[in-house]
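> Residue strings, one per chain:
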Amino acid sequence: MPINNSRISASDSRGFWSWLSSNQSYHSVSLFLIGTHRKRFIFLAAVPILWALVANFAPLLKMLEISFYEAYPLSKGREIVYTLDNWVEFFLLNVYTIPFLRSIVFSIILTISTLILTYPIAYFLAQHLPKSKQLLYLLILLIPFWVGEIIRTYAIMILLGNRGLINLILQFFGLIEKPIPFMYTYFSLGIGIVYLTSLYMLLPLYSILEQIPKNLLEASADLGAGPWTRFWRVTLPLSKDGIASGCTLVFLISMGFYAAPVMLGGPSSTMFSETIAGHFNVAADRWPVGAAFSSIMLISTLVIAATFLKIMGRGGKGIIR
Amino acid sequence: MKSKKITRRGVIKSGVATTVAVAAPTIWVPTIAASQSVNVWTYANFIPKDFKKEFEKETGIKIRERLVDDQGKEFNLLAAEKNNPTADICTVAGHRFSQFIDSELIAPLDTSRLKNWSTVNKIYSESDWSVVNGKKWGVPILSGAEVMGYNSDIVSKEEARSWDVMFGEKYKGQTALILQDMMSIVMLYLGYDGNMVAYLNDPAKAKSIVNEARDFLIKHKDKVRKYYDSGAEIQQMLINQDVVVCHAWSGSISKLIMDGFPAEMTIPKEGSYGFIYCYNIANNGPNTDNAYKFLDALLARPEIGANMTKASGYISTFKGSSKYLTDLERRTSSFTEEELAGLQFFRAEANKMKYSLVDPAVEVIKAA
Chain L
1 MPINNSRISA
11 SDSRGFWSWL
21 SSNQSYHSVS
31 LFLIGTHRKR
41 FIFLAAVPIL
51 WALVANFAPL
61 LKMLEISFYE
71 AYPLSKGREI
81 VYTLDNWVEF
91 FLLNVYTIPF
101 LRSIVFSIIL
111 TISTLILTYP
121 IAYFLAQHLP
131 KSKQLLYLLI
141 LLIPFWVGEI
151 IRTYAIMILL
161 GNRGLINLIL
171 QFFGLIEKPI
181 PFMYTYFSLG
191 IGIVYLTSLY
201 MLLPLYSILE
211 QIPKNLLEAS
221 ADLGAGPWTR
231 FWRVTLPLSK
241 DGIASGCTLV
251 FLISMGFYAA
261 PVMLGGPSST
271 MFSETIAGHF
281 NVAADRWPVG
291 AAFSSIMLIS
301 TLVIAATFLK
311 IMGRGGKGII
321 R
Chain U
322 MKSKKITRRG
332 VIKSGVATTV
342 AVAAPTIWVP
352 TIAASQSVNV
362 WTYANFIPKD
372 FKKEFEKETG
382 IKIRERLVDD
392 QGKEFNLLAA
402 EKNNPTADIC
412 TVAGHRFSQF
422 IDSELIAPLD
432 TSRLKNWSTV
442 NKIYSESDWS
452 VVNGKKWGVP
462 ILSGAEVMGY
472 NSDIVSKEEA
482 RSWDVMFGEK
492 YKGQTALILQ
502 DMMSIVMLYL
512 GYDGNMVAYL
522 NDPAKAKSIV
532 NEARDFLIKH
542 KDKVRKYYDS
552 GAEIQQMLIN
562 QDVVVCHAWS
572 GSISKLIMDG
582 FPAEMTIPKE
592 GSYGFIYCYN
602 IANNGPNTDN
612 AYKFLDALLA
622 RPEIGANMTK
632 ASGYISTFKG
642 SSKYLTDLER
652 RTSSFTEEEL
662 AGLQFFRAEA
672 NKMKYSLVDP
682 AVEVIKAA
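Residue numbers (this note's numbering), protein chains in the order written: chain L, 1 to 321; chain U, 322 to 689.
Bear in mind the hints are in silico, worked out from the structure with no lab data behind them.
We put the beta carbon where it would ideally sit given N, CA and C, even for glycine.
Possibly wrong hints are sitting among the right ones.
Below, in silico cross-link-like pairs of lysine-lysine (PhoX-like), each with a Cα-Cα straight-line distance of 20 Å or less [unchecked claim]:
| no. | chain 1 | residue 1 | chain 2 | residue 2 |
| --- | --- | --- | --- | --- |
| 1 | U | LYS334 | L | LYS39 |
| 2 | U | LYS528 | U | LYS540 |
| 3 | L | LYS240 | L | LYS310 |
| 4 | L | LYS62 | U | LYS403 |
| 5 | U | LYS493 | U | LYS542 |
| 6 | L | LYS178 | U | LYS491 |
| 7 | U | LYS491 | U | LYS540 |
| 8 | U | LYS528 | U | LYS673 |
| 9 | U | LYS491 | U | LYS542 |
| 10 | U | LYS493 | L | LYS178 |
| 11 | U | LYS383 | U | LYS373 |
| 12 | U | LYS370 | U | LYS631 |
Here are the computed distance ranges between Cβ atoms for each label pair [as the list claims (entries may be wrong)]:
| no. | chain 1 | residue 1 | chain 2 | residue 2 | range |
| --- | --- | --- | --- | --- | --- |
| 13 | L | PHE32 | U | ARG387 | 46 to 56 Å |
| 14 | L | TRP51 | U | VAL518 | 46 to 56 Å |
| 15 | L | LEU50 | U | LYS374 | 41 to 51 Å |
| 16 | U | GLU377 | L | ILE80 | 40 to 50 Å |
| 17 | L | ALA58 | U | ALA338 | 17 to 27 Å |
| 18 | U | SER473 | L | ILE80 | 49 to 59 Å |
| 19 | L | ARG152 | U | LYS383 | 27 to 37 Å |
| 20 | L | ARG152 | U | LYS334 | 37 to 47 Å |
| 21 | U | VAL518 | L | MET312 | 55 to 65 Å |
Isolated chain L (complex conformation):
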């Protein structure tokens, strides 16, 4: 819809805007740039969209480009040489494929664990609490997440350490003589990542579960369905979208976690993100290898997530539809 400029007249008072309003070139340019609603949107959104592209996609493209370099950063006297060796190295040496596969399997297990732990909480919030109290309880659950990830990871270390709270309690009650070495194992890493990612599972589940009409469950109860049947045949199928979103988010985040594996993991629980970081931390022209491995991880996780969403999408038809 064109801008109505019939109210602009040459008789406007002095000033910059008056001069601009009477300028023919200005009118032509503004008609071209913002003459319609669509054009106005594009004009206003151009800078933020450009910023999003530059800040998010440009670094990924640069990383992809570096993955084909022989060396980077380039030391004195060296020039850019393109090679596929960095990508091939991943497939040739099992010292890299082992942590990669280990990370995928571990992330899948963690995703399922997070789902099992948070689903009941989301269900209780959405289906059993009155609407007036849901927001309050949700905010209470969100409080730990107001603190940064590193601080929360340290909290896990304080909890699980040899002189941490759990060992102190167990020793106080005489249940153990020596501390149980929880830390720097798959156990501590798993607990940490489930804790750090539980919010990303809880919120999508809650938002889907709270949309399920109660009268559906009442109707199925009237038809003779017991609680378990109502859950399996009504609630669970209707919450598939939330499960899909939550699982995708948690899987993607846990695959890419770096700080938690470094702080909570041990020698036998090296995640692929640590392997990638190792290439960026050593001064031996290994950035291109790290970039190649990052690209491989990015592509793999996106393929896995997309496949999962596709599968969930096929089976995601609810009773209402």
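Based on these hints, arrange chain U on the given structure of chain L.
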């Protein structure tokens, strides 16, 4: 509620405002950074708080600290910023000079701009390693060593006399080490040259030695609770008794002892390596003049060196600084004659060959 009409004037105003808001940081951030400040990349606690306050008050130059915890990471960060570094001063260990010099990341030191240069003990200021290509590089500030640290309530002094204790069954699962540095120590422990200078002309031998050290560490991987790479981590692990004996940099253990924790450190009989941290002028840094002012102020009084020892745990290179330390501080930041006999310094000549072999070996050990 009445919806607001989008007018041409409003579109222009908001477009200009958005552009200014987005572009402004690119203008004022460099302006502020380029004003009275000096950007120092250094390890935690290397700049004493008192000195920092005093320097900023007297000169009006703000010290902007960026913490680094590894020479390799620092090299990569500087190399990525190469032509426009955000550092004026970086902390480079003496045995890493040639790598930074070859990549033109640091500038030679002009000692004529430092009227307090003579504060540095001649053992360090006149040493061979500080002269490369006929020029002097870096102000030596702190000296340290790769040591064995241990909880003295649990591990005895006799047990700690040998690196064997790290690979024995008694403390299985209660040890920690810095993998890359430990490779050099294991090579020394196995009877080889951990600096690899002796094998510069025999790369095949160098490779077989690295492989032997790698396989040794894989064989004993079950003894290790954690591979770590920062001083704060090992301090936390010792305090929590997650580990009772470790390979560490001397500063971290020395600080723990100074703070009253029942820890000790030693250089085991098989030997170990020492290193010197230096403050180097970054090439093409934005505030080189301020960098020299900072360095000169740091060298002004030996008690500043003592404060650096108190804060970091490392041994100051400043003449006369030890008399400003307490007996405990002096004890924890020094070694016996017997220990010093087994200490040699890291050397740079074979670094390129050494790290090209050691770094991939480290990844193999982690993945094993």
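> Each hint: holds or not?
Quick rundown of the hints versus the structure:
At roughly 16 Å between alpha-carbon atoms, U:LYS334 and L:LYS39 fall within 20 Å of each other, so this suggested pair holds. A hinted pair counts as satisfied when its Cα atoms are at most 20 Å apart, and U:LYS528 with U:LYS540 qualifies at roughly 18 Å. Taken as a hint, the L:LYS240 and L:LYS310 pair is honoured in the structure, with Cα atoms around 12 Å apart against an allowance of 20 Å. Between L:LYS62 and U:LYS403, the direct Cα distance comes to roughly 17 Å. Compliance with the 20 Å bound is thereby established for this hinted pair.
For the suggested pair U:LYS493 and U:LYS542, the alpha carbons sit about 9 Å apart, so the restraint of at most 20 Å is met. Simply put, L:LYS178 and U:LYS491 have alpha-carbon atoms about 15 Å apart, close enough for the 20 Å limit, and the pair holds. Between U:LYS491 and U:LYS540 the CA atoms are separated by roughly 16 Å; this keeps the pair inside 20 Å, and the hint holds. Restraint check for U:LYS528 and U:LYS673: the C-alpha separation of about 13 Å stays at or below 20 Å, so the hint holds.
Of the pairs offered as hints, the one joining U:LYS491 and U:LYS542 holds, with about 14 Å between alpha carbons and a cut-off of 20 Å not exceeded. Note on U:LYS493 and L:LYS178: the hinted pairing holds, with a Cα-Cα distance of about 14 Å set against a maximum of 20 Å. Taking the CA atoms of U:LYS383 and U:LYS373, the gap is near 9 Å; set against the 20 Å cutoff, the hint holds. At most 20 Å may separate the alpha-carbon atoms for a hinted pair to count; U:LYS370 and U:LYS631 meet this at roughly 11 Å.
A hinted range of 46 to 56 Å holds for the C-beta pair L:PHE32 and U:ARG387, which are about 47 Å apart. In this structure, L:TRP51 and U:VAL518 meet the distance hint of 46 to 56 Å, their C-beta atoms being roughly 51 Å apart. A beta carbon spacing of about 43 Å between L:LEU50 and U:LYS374 agrees with the range 41 to 51 Å that was offered as a hint. For the pair U:GLU377 and L:ILE80, the supplied restraint of 40 to 50 Å holds, since their beta-carbon distance comes to about 42 Å.
Checking the proposed 17 to 27 Å range against L:ALA58 and U:ALA338 shows it holds: the Cβ atoms sit about 24 Å from each other. For the pair U:SER473 and L:ILE80, the supplied restraint of 49 to 59 Å holds, since their beta-carbon distance comes to about 54 Å. Range check, L:ARG152 to U:LYS383: about 32 Å between beta-carbon atoms, so the 27 to 37 Å window is met. For L:ARG152 and U:LYS334, the hinted distance range of 37 to 47 Å is satisfied, since their beta carbons lie about 43 Å from each other.
About 60 Å separates the C-beta atoms of U:VAL518 and L:MET312, a value consistent with the hinted range of 55 to 65 Å.
Checked against the numbered hints above, the structure breaks none of them.
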